[in-house]
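*Asks:* Build out the structure end to end from the sequences listed, making use of the hints.
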Amino acid sequence: GMRGIFAAGVLHAFGNAGFDPFDLYIGVSAGACHLASHLAGQNSRNFDITLRYSLAPEFINLRRFLTGGHLMDLDWMWEQTITHYRLNLKHIDEKLRSQNKEYLIVATSMETGKALYLQPDENTLEHYLKVSSSLPILYRNILEVNGEKATDGGMANSIPVREAARRGATDITVIRSRPADYVKKGSPVALAVVSCYFRKYPRLVQKFKNRADNYNSAVAFIKNPPPGVRIQQIAPPPRLDVGRTTKDEATLRSAYETGIDYGNRFVHSHAAFAGNK
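Just so you know, we're using the numbering used here here: the sequence shown kicks off at 1 and counts up by one.
Be aware that a few hints might be false.
The list that follows gives simulated cross-link-like pairs (lysine-lysine, DSS-like), each with its CA atoms no further than 25 Å apart [unchecked claim]:
1. K247 - K114
2. K200 - K149
3. K101 - K130
4. K185 - K114
5. K90 - K184
6. K90 - K101
7. K114 - K200
8. K130 - K90
9. K130 - K200
10. K149 - K247
11. K209 - K130
12. K185 - K247
13. K114 - K130
14. K184 - K209
15. K223 - K184
16. K95 - K114
17. K185 - K209
18. K149 - K114
19. K149 - K130
20. K130 - K247
21. K95 - K130
22. K114 - K90
23. K149 - K223
Keep in mind the hints are simulated off the structure, nothing from the lab.
Fair warning: this is a prediction, and the values are worked out from it, not measured in the lab.
*Replies:* Right, here's the structure in full:
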């Protein structure tokens, strides 16, 4: 959703500063899309797309949703951006390969409810991003990955910080879409809707039931990492009020600029930290 615009700003600052000390990138939903533009060296792409396409009635449309269509039409969005503002897939591929870096896109298996950590190549990247971003119910089509039905990565693992540690990362930077102290609460209404809509997928429903607990446990992990693991987070200030479907340009612009500001600060503090080593 639109909340990722802060992260897009942070990554824009990283890109402009040529700041890229990372070996592993893990992105979920909008965050995976922002990472792809970052890896492609297309620093302002996500913000441009947000203003040019995300605010268009063809993308978010409540009337269409109430009459059985998508609230967020990802098919239209992917068609438009691939035609008019495509990712530089070759650049991403070459960067990852030549610098021996790894980029994973998180999706959720509808059958098992488990997180899928997808490693894209030039041919699969755009599809994997779409799967990771396909918010259940708001986008009504069901997509597949390697023959497996899959949906939005945030269902299974919206802050994949434990997965990064499990893969051996010892110095982790988390870019959040919510303020640092945000506590996720379960929504009985959302649970009722998801339970009804996905009754054929009981494990997915179970995962949704545990979503708030999993989220809050990831936040606790960030605050108390295991020995030998350093975790830093860049989180928006509480005053930044961007909802999943915010369509107000001034709000989005302000969130993006705040992200750039926080990203620049992080780059400078990182340079100071490295200099003092």
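*Asks:* Run every hint past the structure and note whether it holds.
*Replies:* Now for the hints, and whether the structure bears them out:
1. K247 - K114: violated, 32 Å
2. K200 - K149: Answer holds: K200 to K149 is near 12 Å, not above 25 Å.
3. K101 - K130: Holds, at roughly 22 Å.
4. K185 - K114: It holds: about 21 Å lies between the C-alpha atoms, which stays within 25 Å.
5. K90 - K184: violated, 38 Å
6. K90 - K101: Roughly 15 Å separates the two Cα atoms, so the pair holds.
7. K114 - K200: The hint holds at about 16 Å.
8. K130 - K90: Answer holds: K130 to K90 is near 18 Å, not above 25 Å.
9. K130 - K200: holds, 22 Å
10. K149 - K247: Distance ~30 Å between K149 and K247 Cα, so the pair is violated.
11. K209 - K130: holds, 23 Å
12. K185 - K247: holds, 24 Å
13. K114 - K130: holds, 18 Å
14. K184 - K209: holds, 12 Å
15. K223 - K184: Since the Cα atoms of K223 and K184 sit roughly 16 Å apart, the hinted pair holds (cutoff 25 Å).
16. K95 - K114: Measuring from Cα to Cα gives roughly 29 Å; hence the hint is violated.
17. K185 - K209: holds, 11 Å
18. K149 - K114: Holds. K149 to K114 sits at ~12 Å (cutoff 25 Å).
19. K149 - K130: holds, 13 Å
20. K130 - K247: holds, 20 Å
21. K95 - K130: holds, 22 Å
22. K114 - K90: violated, 30 Å
23. K149 - K223: Roughly 34 Å between the alpha carbons, so the hint for K149 and K223 is violated.
Consistency with the previously given hints fails for numbers 1, 5, 10, 16, 22 and 23, ordered from lowest to highest.
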